[in-house]
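Participant: Each chain, letter by letter, is given below.
There are 2 protein chains.
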Amino acid sequence: MQKISVAIIGWGNVGRGCKRAIAENPDLYLAGVVRRPISLKQQDPSLADTKVVADIRELGKVDVALLSLPSREVPERIKDYHALGICTVDSFDEHERIPALKKELDINAKAKRAVSIFATGWDPGTDSGVRAIMKIASFTGHTTTTFGGEKGGRSMGHTVAVKAIEGVKDAVALTLANGRGKQKRRVYVELLPGANPEAVAKAIQSDAYFRNEPTEVLFVKKIDKYNTLHHEGDIERTGMQVNQRYTLEGNNPELTANVMVSCVRACIAARSRGEYGTYTFIERPLIDYLAGATLDEKLEGY
Amino acid sequence: MQKISVAIIGWGNVGRGCKRAIAENPDLYLAGVVRRPISLKQQDPSLADTKVVADIRELGKVDVALLSLPSREVPERIKDYHALGICTVDSFDEHERIPALKKELDINAKAKRAVSIFATGWDPGTDSGVRAIMKIASFTGHTTTTFGGEKGGRSMGHTVAVKAIEGVKDAVALTLANGRGKQKRRVYVELLPGANPEAVAKAIQSDAYFRNEPTEVLFVKKIDKYNTLHHEGDIERTGMQVNQRYTLEGNNPELTANVMVSCVRACIAARSRGEYGTYTFIERPLIDYLAGATLDEKLEGY
Numbered sequence: 001m002q003k004i005s006v007a008i009i010g011w012g013n014v015g016r017g018c019k020r021a022i023a024e025n026p027d028l029y030l031a032g033v034v035r036r037p038i039s040l041k042q043q044d045p046s047l048a049d050t051k052v053v054a055d056i057r058e059l060g061k062v063d064v065a066l067l068s069l070p071s072r073e074v075p076e077r078i079k080d081y082h083a084l085g086i087c088t089v090d091s092f093d094e095h096e097r098i099p100a101l102k103k104e105l106d107i108n109a110k111a112k113r114a115v116s117i118f119a120t121g122w123d124p125g126t127d128s129g130v131r132a133i134m135k136i137a138s139f140t141g142h143t144t145t146t147f148g149g150e151k152g153g154r155s156m157g158h159t160v161a162v163k164a165i166e167g168v169k170d171a172v173a174l175t176l177a178n179g180r181g182k183q184k185r186r187v188y189v190e191l192l193p194g195a196n197p198e199a200v201a202k203a204i205q206s207d208a209y210f211r212n213e214p215t216e217v218l219f220v221k222k223i224d225k226y227n228t229l230h231h232e233g234d235i236e237r238t239g240m241q242v243n244q245r246y247t248l249e250g251n252n253p254e255l256t257a258n259v260m261v262s263c264v265r266a267c268i269a270a271r272s273r274g275e276y277g278t279y280t281f282i283e284r285p286l287i288d289y290l291a292g293a294t295l296d297e298k299l300e301g302y
Numbered sequence: 001m002q003k004i005s006v007a008i009i010g011w012g013n014v015g016r017g018c019k020r021a022i023a024e025n026p027d028l029y030l031a032g033v034v035r036r037p038i039s040l041k042q043q044d045p046s047l048a049d050t051k052v053v054a055d056i057r058e059l060g061k062v063d064v065a066l067l068s069l070p071s072r073e074v075p076e077r078i079k080d081y082h083a084l085g086i087c088t089v090d091s092f093d094e095h096e097r098i099p100a101l102k103k104e105l106d107i108n109a110k111a112k113r114a115v116s117i118f119a120t121g122w123d124p125g126t127d128s129g130v131r132a133i134m135k136i137a138s139f140t141g142h143t144t145t146t147f148g149g150e151k152g153g154r155s156m157g158h159t160v161a162v163k164a165i166e167g168v169k170d171a172v173a174l175t176l177a178n179g180r181g182k183q184k185r186r187v188y189v190e191l192l193p194g195a196n197p198e199a200v201a202k203a204i205q206s207d208a209y210f211r212n213e214p215t216e217v218l219f220v221k222k223i224d225k226y227n228t229l230h231h232e233g234d235i236e237r238t239g240m241q242v243n244q245r246y247t248l249e250g251n252n253p254e255l256t257a258n259v260m261v262s263c264v265r266a267c268i269a270a271r272s273r274g275e276y277g278t279y280t281f282i283e284r285p286l287i288d289y290l291a292g293a294t295l296d297e298k299l300e301g302y
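Note that the protein sequences, when read in sequence, are chains A and B.
Per my numbering: the first sequence = residues 1 to 302.
Per my numbering: the second sequence = residues 1 to 302.
Here chain A stands alone, though its shape is the one from the complex:
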């Protein structure tokens, strides 16, 4: 069986997780990492065995590009890879922008005969799949999704958004449960010398990622002891005939990477049937995400 050739775009926590996840799946192989500056190679010993390039075309044939980039850069970068006929998987996470962007990127993928699984990871992504299943099993019910539990968990999208704000040296943005279906945010910020704390707090609280939820900004000397990769989620659906609950807890970027790497297979399955386009997680059959050479292998344990 020919292995699927995968490139990782970006080298943050999710990119690192993707490298580990690819190594755990014998049907995939890592063609290389795309990142500027490529001098990074000298800095990170975990890339010693990996090609690091500035342009994906230097890697030869790549089937799927895993975009482990800040969410806001994702839509334009997907188009760059479509232009090269390369499939993409990303973890874009601004829920309300998904339907419109999906439509636009779908036209783009079809024109370039590429396939994208868009806005995947665990939420949106597998959690969207769980919410769909809950609705299939109980269509008159009510679903709530709550993140972070009592101790809070790292929101990657929010953390990246805060780090991009002027005056911020380092940060971690936590999501905490705030009653069924509601969240609140706590942001630990290490400032650059001379930065204005009030201006930074205001910039965070008015950012689209934060402005709809209670957001507490705490300034600390060093981020280190507040840092965490843990997150957790809780989806509940109560209905007339049945009640359902799904919980997960674990390492947020590693979990995101697992889902993204499973999506590589769904890209190739769709491409092999000529079903070009940009799809969200729930638009492709679950079986296409699973490992296994034959249908019977994939159905094992059905």
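Any given hint could be a false lead.
Because identical chains cannot be distinguished in the list, a pair is counted as satisfied if it fits within a single copy or across any two copies.
[As the list claims (entries may be wrong)] Computed cross-link-like contacts, DSBU-like style, restricted to lysine-lysine with a CA-CA straight-line distance of at most 35 Å:
1) LYS222 / LYS61
2) LYS163 / LYS103
3) LYS184 / LYS163
4) LYS184 / LYS151
5) LYS110 / LYS184
6) LYS182 / LYS169
The set of hints was computed from the structure by calculation and includes no laboratory data.
Given the coordinates of chain A, assemble chain B onto it according to the supplied hints.
Facilitator: Only chain B this time, still in chain A's reference frame:
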């Protein structure tokens, strides 16, 4: 929008649940119930507003037949409906027979330009979807499914199997959790006059539904007070990066009916694309099971 025409085949607890579920979904309508003897109509006031026939052809155009029949009758009956070009949904539940039967029924459906969602309901069915999602999110983990909890729940397939045994007047078969991933069975049996309890107990314990699990058979004067429609399930996956858990509890036949009725849409979506065949739940995109006239409506809350 033209409504999807649905017939219910059989009139047990699941068939009744399907009637209620169809009424809750404005994109579907009930063409009628197929059952012999049709004199049933006089016996069941809940069928007063419903056509009851002995042969589905008496109902005019039917898009999808919901087979609410004993599991063991299902495979042959699917073929009968394929022969008429009618799509089917069923809740066949013998897990180990699914891959081979699916293959056979898939050839049959394609030849007759029909679509079937085979072996659906909650387990196999939506639970299979949850197990697939858990694997997508954590491919190096270990999954266990446990049914019935401490108080036990009604297994419909097992109950039907016991009721078919000679000497049994009425019965209810409960599934109880027996440690992570293991089950035990408790069967309450009301005997026909003159029946031999030892022979009945032996017939139950050697039936394919029971022979692989500890099965206790208890004889009672009247089933009534031991009867229940409740069931519950618990799927856990522990992995290297993430732990997941999904639980459900509720009315077993109503839950099965909900899932079966959601599968009607997936049949029609596949048929409209010319994707004839017999599919398990995880082989069709989740979005095809959901209500909503447009993709954006279906993606709502993604």
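Participant: With 35 Å as the alpha-carbon cut-off, assign the pair LYS182 and LYS169 to within, between, both or neither.
Facilitator: Answer is within: at 29 Å inside a copy they meet the 35 Å cutoff, but 52 Å across does not.
Participant: Check LYS110 against LYS184 for me: Cα-Cα at most 35 Å, and say if that holds within a copy, between copies, both or neither.
Facilitator: neither (39 Å within a copy, 52 Å between copies)
Participant: Treating 35 Å as the Cα threshold, decide for LYS222 and LYS61: within, between, both or neither.
Facilitator: Answer is neither; intra-copy 43 Å and inter-copy 71 Å both fail.
Participant: Between copies, within a copy, both or neither: which fits LYS163 and LYS103 at Cα up to 35 Å?
Facilitator: within (30 Å within a copy, 53 Å between copies)
Participant: Given a CA cutoff of 35 Å, do LYS184 and LYS151 count as a within-copy pair, a between-copy pair, both, or neither?
Facilitator: Intra 12 Å, inter 38 Å, cutoff 35 Å: intra-copy only.
Participant: Using 35 Å as the alpha carbon limit, work out where LYS184 and LYS163 are close: within a copy, between copies, both or neither.
Facilitator: within (19 Å within a copy, 54 Å between copies)
The structure does not agree with the numbered hints 1 and 5 stated previously, though it agrees with the rest.
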